[in-house]
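A.B. asks: The lines below spell out each chain.
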Amino acid sequence: MNIFATPDLLLALPEVVLLAATCFILLLDACLSDARRQVSYLLSLLTLLVTAVFTAALPDGSHIGFSGLFVVDGVAKLLKLVTCGAVAAVFLYSKDYLIQRGLLKGEYFVLVLFATLGIFVMASARSLLTLYMGIELLALSQYTLVAFDRDSPVAAESAMKYFVLGAIASGLLLYGISILYGVSGTFDLAQLTLQFHSGAAHQVGLLFGLAFLLAGIAFKFGAVPFHMWVPDVYEGAPTSVTMFLSAAPKLAYFALAFRVLAEGLGGALDAWQPMLILLVVLSLAVGNVVAVAQTNLKRMLAYSTISNVGFILLGFLAGTPFGYRAALFYTISYVLMAMGSFAMIILLARRGFEADRIDDFKGLAHRSPWFAWMMLFLMMSTAGVPPFVGFFAKLYVVQAVLDIGLTWLAVVAVLFSVIGAFYYLRVIKVMFFDAPSESALLVASPAFKFLLSANALAALVLGVLNSNLAETIAKALP
Amino acid sequence: MLTTILFYVFATVLVASALGVVLSKNPVHAALALVLAFFNSAALWLLLQAEFLGIVLVLVYVGAVMVLFLFVVMMLDINIAQLREGFTRYAPLGVLVAAIMVAEITYVVWVRHLGLDLSSWAPAMPVGFSNTKALGALLYTDYLLPFQLAAVVLLVAMVAAISLTMRKRPGYKQQDIAAQVAVRRQDRVRIMKVDSEQVR
Numbered sequence: 170m171n172i173f174a175t176p177d178l179l180l181a182l183p184e185v186v187l188l189a190a191t192c193f194i195l196l197l198d199a200c201l202s203d204a205r206r207q208v209s210y211l212l213s214l215l216t217l218l219v220t221a222v223f224t225a226a227l228p229d230g231s232h233i234g235f236s237g238l239f240v241v242d243g244v245a246k247l248l249k250l251v252t253c254g255a256v257a258a259v260f261l262y263s264k265d266y267l268i269q270r271g272l273l274k275g276e277y278f279v280l281v282l283f284a285t286l287g288i289f290v291m292a293s294a295r296s297l298l299t300l301y302m303g304i305e306l307l308a309l310s311q312y313t314l315v316a317f318d319r320d321s322p323v324a325a326e327s328a329m330k331y332f333v334l335g336a337i338a339s340g341l342l343l344y345g346i347s348i349l350y351g352v353s354g355t356f357d358l359a360q361l362t363l364q365f366h367s368g369a370a371h372q373v374g375l376l377f378g379l380a381f382l383l384a385g386i387a388f389k390f391g392a393v394p395f396h397m398w399v400p401d402v403y404e405g406a407p408t409s410v411t412m413f414l415s416a417a418p419k420l421a422y423f424a425l426a427f428r429v430l431a432e433g434l435g436g437a438l439d440a441w442q443p444m445l446i447l448l449v450v451l452s453l454a455v456g457n458v459v460a461v462a463q464t465n466l467k468r469m470l471a472y473s474t475i476s477n478v479g480f481i482l483l484g485f486l487a488g489t490p491f492g493y494r495a496a497l498f499y500t501i502s503y504v505l506m507a508m509g510s511f512a513m514i515i516l517l518a519r520r521g522f523e524a525d526r527i528d529d530f531k532g533l534a535h536r537s538p539w540f541a542w543m544m545l546f547l548m549m550s551t552a553g554v555p556p557f558v559g560f561f562a563k564l565y566v567v568q569a570v571l572d573i574g575l576t577w578l579a580v581v582a583v584l585f586s587v588i589g590a591f592y593y594l595r596v597i598k599v600m601f602f603d604a605p606s607e608s609a610l611l612v613a614s615p616a617f618k619f620l621l622s623a624n625a626l627a628a629l630v631l632g633v634l635n636s637n638l639a640e641t642i643a644k645a646l647p
Numbered sequence: 066m067l068t069t070i071l072f073y074v075f076a077t078v079l080v081a082s083a084l085g086v087v088l089s090k091n092p093v094h095a096a097l098a099l100v101l102a103f104f105n106s107a108a109l110w111l112l113l114q115a116e117f118l119g120i121v122l123v124l125v126y127v128g129a130v131m132v133l134f135l136f137v138v139m140m141l142d143i144n145i146a147q148l149r150e151g152f153t154r155y156a157p158l159g160v161l162v163a164a165i166m167v168a169e170i171t172y173v174v175w176v177r178h179l180g181l182d183l184s185s186w187a188p189a190m191p192v193g194f195s196n197t198k199a200l201g202a203l204l205y206t207d208y209l210l211p212f213q214l215a216a217v218v219l220l221v222a223m224v225a226a227i228s229l230t231m232r233k234r235p236g237y238k239q240q241d242i243a244a245q246v247a248v249r250r251q252d253r254v255r256i257m258k259v260d261s262e263q264v265r
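Those protein sequences? They're chains A and B, same order as listed.
Residue numbers for the first sequence follow this note's numbering, beginning at 170 and rising by one.
Residue numbers for the second sequence follow this note's numbering, beginning at 66 and rising by one.
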C-alpha cells in the first residue's frame, strides 16, 4: 500500500534551502567565539543570495504543490525576490549598529532568517492553514527580535505589548478562519472562491468570519483602529529591528491580504470593500494628523507607516487587477523608502546615542551635505513629490480608486497626503535651515554609505523608470 | 451495555475529580485531581474509538503539562487565605458565568431533542481500523507542509526562549572538568615545615 505521494519539493526549493541554511547557521553559531561572529553574518548574506537565485530559477506560470496547500506564481516569486533583497539590506545596514551596542549575536541573524521563511510561506500560501503557519512563524520571530536588546527596559516593554496584542490579533484571525471553515467546509482558497462567488456577500456567516479576518489583517498591517502597537514597538525596538519590522513583513502582509481578499474572497468584494474604506479613511486621518505632533523620528515614521498602510489598502479596496497591482507597487516602493529612512537614523547614531529625535537631524546639511540630500530624497519620496517613486505609488492607487468611481475617497486620500507632506518637509527644514547642535562627523563603513546612497537614489531612479517597475509588477500579477 | 456501564463509571469519576479540582483547598491536591480527570477523559476518548487522542491526552497532558504544573504549584508559596479574600467581590461574576453555562448546556440538551440523530455523526469503525494510522496518513501526506512548518514554529519558540533568558551572570559558579582533571599536586598542597619549638 503506497499512500505516500511524494510532494513536489522542487517547488519549495527556496524554502527548503533557506530552512536548511538557517538551521546550519544556528548550529554553527553555537560553536563560534564572539570574535568570529562575522562568519554568521556572512553566511546569512550568502543564504539570502542562494535563496534568491533558487527563487529566480523557479518555473514561470502558476504551479500548485503539497496537495494544494502551496503555490508558486508570479506574485509569490516577485515578493520572495524583493524580500531577499530587503532582508539582505537590513543585515548590511545593521551590522555596525549591532556591534556598537554589543548585540551582534547569531540569534539575530537566525531569527531574521526564520522570519524571512515565514514571509516566503505566506507569499506562497494557497490555503488558510499555510497562511496561518507563515503568520505565526513571522510573528514569533518578530516578538523576539523586538526584545532582543535584553538590557533595555523600553524594548522589553514594547515587546510585551507587541506580544500580547499580537496574540489577540492571531486569535481574531484564527476565529475568522474557523468561522469561514464552518461556513464553507474548506481552508483551500480556490475552493473558497468557488463557494463565495459574487452575490454571496449577504451570507451572515461569511460576513461574520470576514470581519474577524479583516481585523486580524488590519492589526498585522497596523491600520487604524488596530494600530496602537505600531508607535510603541517602532520606538522601543533597536533601530535595526525597527527597520526590519517596517520593511520586509509589509510584503508578507500584502501577500496575506492579497491571498485572502483578492484570491479567496474576491467574489465577496461587496462585503469587504466598505470595511476597507473605513480602515483606509481612519488610517489616513490618524496616521497623518498624529505624525505632525511627534518629536521622535521613529514615532513619526511609525505614524507615517500607518498612513502608508492606508494607501496600500486603498489599492486593495478597488478590487480590480489594476488596484492590486497599484497596491503591490505601493508596498514595494514603501519598503524601499522605509528602509532608507531608518538607515539614516542608524547612520547618525553611534555608541550611546540613538539619533531618534527629529532635533538630532538639525543642520545635517552642514555636517554632511550628501546625506542631507539623500534624506531629502527619501522624505520627498515618502511625501509623494514627483518625480520620486512615492509620487507614482500614490498616483496609481488614487487612479485605481477613481476607476471604480469613488471620487470622494480619492479626494480624501489626496487631502491627507497634503497634510502628511508637512511633517516630511519639517525634517527637511530642520536639516537644511537649522544650525547644527553638534559637529561630530558621520562615521560609517563605505559599504553602508554606498548602500544608503543607492537606496535613496533608487527612490529617484525608480520614480523616473516607474513604468518599468509597473510593467514588472503587471507581468507578475496579470 | 458494557460500554454504557463503563461510560457512566468513567464519567462519574471524571465529574467527581473535576469537582475536586475546584473544591480542594490544597493546590497540590487540585492538580492531582486534574490528573485523575485527564485519565478519565482519556478513557472516554477510548470508548469513542479515538484511541490516538486518548493516548496523547495521557502522554502530553498528564505526562508533561501536569508534571510541570505540579512543580510550579509546589514551588509557589500560595497564600490561600489571601486568595479567598476576593471571593465575595467576584461571586456575582461567578454566578453570572455559571448561569450562562447552565443556559448553554440546557440549550444543547434541548437541541438534542429536536430530532437530530447524533449517533449517525460518528459511525462505528470496522474492526482493525486504526485512527492513529488514519491521522498519520493525513498528517504526512496532505498536511505535510503545515506539519513541518509547525515544527519550525516550535524551533523558533525554543530559539527565542533561550536567546531571551540565557545570560552569563558575573558570579556564575561552574565546574571546569578539564581544569579539575589537569590539576597538579603542587597547585593544591603546600608542605610547610613548622619548627616544633615555635609552638607554645
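Rather than coming from a laboratory, the hints here were simulated on the basis of the structure.
Predicted model only: the values in this text are computed from it and were never measured.
Treat the hints with care, as some may be off.
Only pairs whose alpha carbons sit at most 16 Å apart, straight line, appear in this in silico EDC-like list of lysine to aspartate or glutamate [claimed, not checked]:
1) A:K644 <-> A:D242
2) B:K233 <-> A:D320
3) A:K531 <-> A:E607
4) A:K598 <-> A:E523
5) A:K531 <-> A:D439
6) B:K233 <-> A:D242
A.B. asks: For each hint, tell me whether it holds in the structure or not.
C.D. replies: Hints versus structure:
| no. | hint | result |
| --- | --- | --- |
| 1 | A:K644 <-> A:D242 | 11 Å, holds |
| 2 | B:K233 <-> A:D320 | 13 Å, holds |
| 3 | A:K531 <-> A:E607 | 9 Å, holds |
| 4 | A:K598 <-> A:E523 | 21 Å, violated |
| 5 | A:K531 <-> A:D439 | 49 Å, violated |
| 6 | B:K233 <-> A:D242 | 47 Å, violated |
In summary, the numbered hints that this structure violates are 4, 5 and 6.
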